[in-house]
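Engineer: Throw the hints in and build the complete structure from the sequences for me.
Chains as they are written, first to last, in my numbering: chain A, 25 to 326; chain B, 25 to 326; chain C, 25 to 326; chain D, 25 to 326.
Wrong hints could be hidden among the right ones.
[Unchecked claim] Straight-line Cα separation of at most 30 Å, DSSO-like style, residue types lysine-lysine; simulated pairs:
(1) C:LYS192 / B:LYS192
(2) C:LYS265 / C:LYS55
(3) A:LYS211 / D:LYS55
(4) A:LYS314 / D:LYS211
(5) A:LYS211 / D:LYS211
(6) C:LYS211 / B:LYS314
(7) D:LYS265 / D:LYS55
(8) C:LYS55 / B:LYS192
(9) D:LYS55 / A:LYS192
(10) C:LYS55 / D:LYS55
(11) A:LYS55 / B:LYS192
(12) A:LYS211 / A:LYS192
(13) D:LYS211 / D:LYS192
[To be verified] If we take Cβ atoms under 10 Å as the criterion, some of the chain B residues that face chain C in the derived model are:
(14) VAL49
(15) VAL128
(16) GLN133
(17) ILE135
(18) GLU144
(19) SER168
(20) ILE206
(21) GLU255
(22) LEU293
(23) GLN307
(24) SER310
(25) GLY311
(26) LYS314
(27) GLY315
No lab work stands behind these hints: they were computed from the structure. All residues carry an ideal CB built from backbone N, CA and C; glycine is no exception.
4 protein chains.
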Amino acid sequence: MPLSPEQQAEIDELRNQPQSTLRVVSPGMEKHLYSAHQVLDHGFVRVVDYMGDDNAICQAARVSYGKGTKSVQNDEGLIRYLMRHWHSTPFEMCEIKLHVKLPVFVARQWIRHRTANVNEYSARYSILDREFYIPAPEHVAAQSVINNQGRGEALTGDEAARVLDILKSDSARSYDHYEEMINQDGKQGLARELARMNLPANIYTQWYWKVDLHNLLHFLRLRADAHAQYEIRVYAEAMCKIVADWVPFAYAAFEDYRLGGASLSATALGCVRRMLDGEDVTQESSGMSKGEWREFMAALGR
Amino acid sequence: MPLSPEQQAEIDELRNQPQSTLRVVSPGMEKHLYSAHQVLDHGFVRVVDYMGDDNAICQAARVSYGKGTKSVQNDEGLIRYLMRHWHSTPFEMCEIKLHVKLPVFVARQWIRHRTANVNEYSARYSILDREFYIPAPEHVAAQSVINNQGRGEALTGDEAARVLDILKSDSARSYDHYEEMINQDGKQGLARELARMNLPANIYTQWYWKVDLHNLLHFLRLRADAHAQYEIRVYAEAMCKIVADWVPFAYAAFEDYRLGGASLSATALGCVRRMLDGEDVTQESSGMSKGEWREFMAALGR
Amino acid sequence: MPLSPEQQAEIDELRNQPQSTLRVVSPGMEKHLYSAHQVLDHGFVRVVDYMGDDNAICQAARVSYGKGTKSVQNDEGLIRYLMRHWHSTPFEMCEIKLHVKLPVFVARQWIRHRTANVNEYSARYSILDREFYIPAPEHVAAQSVINNQGRGEALTGDEAARVLDILKSDSARSYDHYEEMINQDGKQGLARELARMNLPANIYTQWYWKVDLHNLLHFLRLRADAHAQYEIRVYAEAMCKIVADWVPFAYAAFEDYRLGGASLSATALGCVRRMLDGEDVTQESSGMSKGEWREFMAALGR
Amino acid sequence: MPLSPEQQAEIDELRNQPQSTLRVVSPGMEKHLYSAHQVLDHGFVRVVDYMGDDNAICQAARVSYGKGTKSVQNDEGLIRYLMRHWHSTPFEMCEIKLHVKLPVFVARQWIRHRTANVNEYSARYSILDREFYIPAPEHVAAQSVINNQGRGEALTGDEAARVLDILKSDSARSYDHYEEMINQDGKQGLARELARMNLPANIYTQWYWKVDLHNLLHFLRLRADAHAQYEIRVYAEAMCKIVADWVPFAYAAFEDYRLGGASLSATALGCVRRMLDGEDVTQESSGMSKGEWREFMAALGR
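Structural biologist: Next comes the structure, spelled out in structure tokens:
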């Protein structure tokens, strides 16, 4: 159960107290407030607060461009224009605050995105719960043989069982020892800031994470990508659904221009031109490396 | 009149449409929404949106520190503790979006604070209005003789009148020429991106400015200070009043620890100790430069 | 003359004092140190200091990826891989510090890039020089009729002459009045922080600007682009030449993947596939707006 | 041994190849290049590159303040003035790049400082070494009874022995299992990105960390503080020594104004005034909480 009973009770109480505001309200987002989206075995993502909506993006853009923008384009067209031309500042005018529970090794990747505000649970100050990420059997996968930074097929049989057994028993033992070390019954008890170092990277932590929409979309582009590690990608996918409800025009433009799009180099664009002119371009004649050519072919769906 | 009739009508319409939300609401801040606080002769500050309140600061801190914080301290005490110990991240969990109209030379100082999101009216794209900052007579002041970066007494008589006359006539002429250059009646008209360069730094611009509370307080500490230029200080003071209504505990702590406080060096602390021990410390025996000693005496109110 | 005689003398003196260092040295960059590249009529860009080279980018990437990277790829291939896959952090490991003299309206665009360090000449503290940007006749251009944010053909004849006359005479008069206001001969003299507001946006300012290579390349992608205003583009182009000498592999990859490349949306990629399959795709059948289709055709060179 | 033989050989080779440069050179810093300062049992800090020196700080400040600054103040006085008045931008003009080897739980605190560039060794891509932080016996300390976020006296006897035994044996077992899981002898081998999650937070990682001097000093103020955890404080202290050699004037000012100084609130300043006027101020009459009064007394050395 990802949320503690106390957390759930506090949330339920707040959920029943709608208040009046003069601020912009996103109806699609209101329904996400106070409900936690479960991710992995013990994790979650939940929306704590938000600022702005699709219209707020346009409003900010119109401050920049003045009256002209109002007459000629509707909100959806304007948002597509802004996304296509990398006008990032209007998207920065929306903000989201999330409460996330996630394994430490996922948190370590996540935190590399620096343009966000973070308050993490302090294992220096407080005691961590006995909650560890143990992959579902179908996600216990082999090292990729073509990509150092990826995984291949799922392990099977004894090998998979052995992995799960190690992860479970080492997690349990580490936590038992953690508890033993900080336990003060008749002893002094080791300082929490020291005892925590015995805990493995699959233990869960939690934080508040606040970010503007532009930087969130940048995060999602990298982390909802097929090359991202599965365990962070599922968080990104849960957030994609939230963003789609919050700012539907912006999310649709993001899907078209970023998630589903591709950046082609000058060399690649030259190849496309040659191909459209009827030339049978090969990797050898393309001027690209093998890896680059493979990615190019994938972008063209060949 | 700082807001155009169209802007005012749009605001009035929104002001009459309170909506229901499950988000945190700051009652003190709701009353600021959709009303513009006039600053200088044509400028204003108005709150467009906000996220969070005093309680949201505590909530974020408690994510970090766990259950312990809840029992031992009330919200006000916790906020004072966080401010005193430079715990900045909980304050980053509140966000504000302002619409500001301000002279260009003020905007140029303001923008040096980089940790904010900005959408400024584009004079490349649109035509600026004929609005210039002309100081009130009591603010037409002489160069300071003790501080290169400040002003002294107000000018008087002919000298003041001559200054005001120059500012008004040069502003008017520059704008007349700006209009003439971009005017397309029977001519091509100069590109706006070029014509704007004829306009002086006292012309008004406007922007949306979005910032988190921690960085806003840092801005206010520097710009609400007596050493800040008057023309930016009045904006900071208008924002101080807004923040005091938005997050009263945080603002009170800010006043005590930052606005009214002082940083004492190791040398200065040593002098305080010697003085408390009865020694008659002078600038010569203090180990401080004259400027430093003067500031030290001011901090001690001597 | 962009540099004052005192500045030039100081530079010449430093130029003749090579020193010994154990740091990484970029031979291509050393030759830029202490020589100012003239830009516009009174502006310049000059390299004050730098950190790192192409190899430093690879070294940082290899910290991340470990030994594996060393054997399989040479530096150039690794840099192309990093650029193609938007791995930004290795490029952040190089840093450049520039001294730039530029018109205020250019500085106002430039400063919107927030991820840099800036020290600007203070007109609050010091007196600005009498130097104004007056465009060369061929750059006095009309407002674009197809793009609100651009310029069209050069103005000619009387209209061009009138524009140049206005710019020159208004600049001169503004500066005369600025000097008159701050002049203390027998008077108090207006505070500099106030007098500066009479100066137009074509006056020159100067600053030290320090930025990492990743953020510099992002700046150059936007500002060396054909859609950027001419007056900032020439600064970007001067910097492109410097970067090409500093980190030749990184710059070549940047040219291929960013400056010369294009981002295609999912919709656009679908159109390319259909075209390669022999379909005669038109704007109407493309699913794109007219503007988007025009940009797509331009990317494909049709 | 913190550096691998290959790393040491590469460093020694570079150390013997001084090169000529026209850049600013800090003699005190050159001696740090290519020598690793050992920290904790397997960690180190070493300077990879740097930009600027004390003079570069002044040079940047003088761009801002113009000629005036040159005549009236020497470099040391100017740097003290800048530090005292929180003028941060001139300090941002110096930059340092460090190679740091550190336990993961220290890295997790460190990375919260977001205004820096980081390239960390990737355990997704590469295999971590068998190196764990095991505290020296005198650092195996009890939980503090007065501060949730600190430690008290060193544990002794059996209790200390038991803690060290747990840390050593759990580290060893975790690593054995890590190796077993990724081992591909006759098996597929678990993906590295998954296997790493079994490793505890006292395993060592390493990164390149690049930061400007202003943000470095901010880091050092927080992390060289007595309230920082011992294991990060020793890194901060090693860096303090490096900074003292690199920019001696800036470091001396930092020691006086930040490390050795204190921020006093308006309330505290009021108490100092009352005490200097002969009043016997107590916690009860001070207007401060007990915690605040204790800190105030400590600042005054009473």
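Engineer: Hints broken by the structure, by number, lowest first?
Structural biologist: As far as the earlier hints go, 3, 5, 8, 9, 11, 14, 22, 23, 24, 25, 26, 27 are violated by this structure, in ascending order.
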